[in-house]
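K.L.:
Chains V and F, in that order, give the protein sequences. All letters in the first sequence, in the order written, are residues 736 to 919 by this note's numbering. All letters in the second sequence, in the order written, are residues 1204 to 1394 by this note's numbering.
By construction, these hints were calculated from the structure, which means they are not laboratory data. Mixed in with the good hints, there may be bad ones.
Restricting the straight-line Cα-Cα distance to at most 20 Å, the calculated cross-link-like pairs of lysine to any residue (SDA-like) are [stated by the list, open to error]: (1) F/K1266 / F/H1289; (2) F/K1266 / F/R1297; (3) F/K1270 / F/R1237; (4) V/K745 / F/G1269; (5) F/K1266 / V/K745; (6) F/K1266 / V/I804; (7) V/K745 / F/L1292; (8) V/K745 / F/R1381; (9) F/K1270 / V/L905.
Covered stretches of chain F, as calculated for chain V (at least 3 residues, CB under 8 Å) [to be verified]: (10) 1215 to 1221; (11) 1260 to 1268; (12) 1285 to 1292.
C-beta: ideal position from N, C-alpha, C; glycine also.
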Amino acid sequence: MFKRKSECQKLEGMLSPYIDGQLSSPDRERLEGHIERCDACRCQLESLRATVDLLHRVPMVSPPRYFTIAEVAPKRRAVAFGALRAATAVAVVFLAFLFVVDAINLFEAAPVEDRLAQQDNATTPAPLGGEGLDNELAPAEAEGYTWPLRQLELALVGVVVVLGGTTAILWHRRRRLGETALRS
Amino acid sequence: MSGRMCLVEEYELIERSRRGDVDCFNQLVERHQREVYNLSLRMLGNAQAAEDATQDAFISAFKGIGKFRGGSFRAWLFRIAANACHDQLRSLRRRPTTSLDALPLELELDRRSLSPEEYAMSQELGAEIRRALSVLPADQRLAVILRDILGFDYDEIARATGSSLGTVKSRLSRGRARLRHHLEQYRELFP
């Protein structure tokens, strides 16, 4: 069996908005009509109003200090980030230069494929008799010193990856925290 | 200065703050810091935590002012402040040594008209209000503080809490009813 809400229970939730003048006209008239007849609800309304009045007496406290903010430039980090960015850029430029050098064979080094083939041959054991070895190594020996471009390129790619990765991480972190540190 | 002039000036300050002008933002801080601090103080009941929450709120506001899409700046700022208070509440709960009701609350009464006995009673009543506020659920406490202590209207509370008007009415109604119930036994102390 359902228990029906009494009129008092139904109107209880209207007391608070009534105090603030937030009830629609029909609701206000309904509540005021009920309060005239119901001592309990009238007491409840007065008690609620007294509580609200009491809260209005809670004073505003002056803040103990100003909360204005100041930019605190993280100088050391900014310098480190700038240096890292510059180093990455220099490494990328140098790497590009090496690739170009390699491509146009500026230092008259053998093309990459040839040098790889030469290195493979050098690491494979020479056949007995050794006649072919003299013939195969002859061009390189004739040219004298060969620039180790491949090793340089690989090393530089490693440097670029490390520097670029660190720069990207720092950049992301700076974006997340804001360009400047703030203190109030 | 008229209210309209104030609003125009505030709009200008907001626009400049969006472009990164810290001095303009600090003028906004000076306008609102008292209310934000009082919200934090009454939400947290702890002066140090209230300072931290206020500071965090203004720093977050400066960082996020680019996302402010117009409307009531005060409501937008108080939404950030309310979030900062929730963060501090979580932090306080993790540090159980810090009491949530460590701060005395004195009512605004004319002390000259009070006898020593009445003054002592008002102190006791202040302590009871603080205690009653501290046991309210955070959403009801926020609504009651914004409405009855800081004097926000319902629309502003709805925007500051990101809720509907109906929810605001309901939270206020339940919060006030619980406060009334808690303070009823001290009714004779009411001024």
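K.L.:
Count the residues of the segment 1260 to 1268 of chain F whose CB lies closer than 8 Å to any CB of chain V, then report whether that count reaches three.
P.N.:
Our answer is that it holds, as 4 residues pass the Cβ test (under 8 Å) against chain V, meeting three.
K.L.:
What's the verdict on F/K1266 and V/K745, does the C-alpha distance respect the 20 Å limit or exceed it?
P.N.:
violated (46 Å)
K.L.:
Would the hint linking V/K745 and F/G1269 be met if the CA-CA limit is 20 Å?
P.N.:
violated (45 Å)
K.L.:
Given the hint that V/K745 pairs with F/L1292, does the C-alpha gap stay at or below 20 Å?
P.N.:
violated (34 Å)
K.L.:
F/K1266 and F/H1289: Cα distance at most 20 Å?
P.N.:
Holds, because 19 Å separates the two Cα atoms, which is no more than 20 Å.
K.L.:
Are at least 3 residues of the segment 1285 to 1292 of chain F within less than 8 Å of chain V when you compare beta carbons?
P.N.:
It is violated, with 0 qualifying residues against the three required.
K.L.:
Measure nothing beyond the straight line between the CA atoms of F/K1266 and V/I804; if it is 20 Å or shorter, mark the hint as holding.
P.N.:
At roughly 11 Å apart (the allowed maximum being 20 Å), V/I804 and F/K1266 satisfy the hint.
K.L.:
Would the hint linking F/K1270 and F/R1237 be met if the CA-CA limit is 20 Å?
P.N.:
Not OK: F/K1270 and F/R1237 at ~24 Å, beyond 20 Å, violated.
K.L.:
At least three residues with a C-beta closer than 8 Å to a C-beta of chain V: is that true for the segment 1215 to 1221 of chain F?
P.N.:
Per the Cβ count (0), the hint is violated.
K.L.:
Hint check: F/K1266 vs F/R1297, CA-CA at most 20 Å. Holds or violated?
P.N.:
It is violated: about 27 Å lies between the C-alpha atoms, which goes past 20 Å.
K.L.:
Can the restraint linking V/K745 and F/R1381 be considered satisfied, given a maximum Cα separation of 20 Å?
P.N.:
holds (17 Å)
K.L.:
Compare the distance between the alpha carbons of F/K1270 and V/L905 with 20 Å, and conclude whether the hinted pair is satisfied.
P.N.:
Distance of about 24 Å is beyond 20 Å: violated.
Consistency note: the structure conflicts with the earlier hints numbered 2, 3, 4, 5, 7, 9, 10 and 12.
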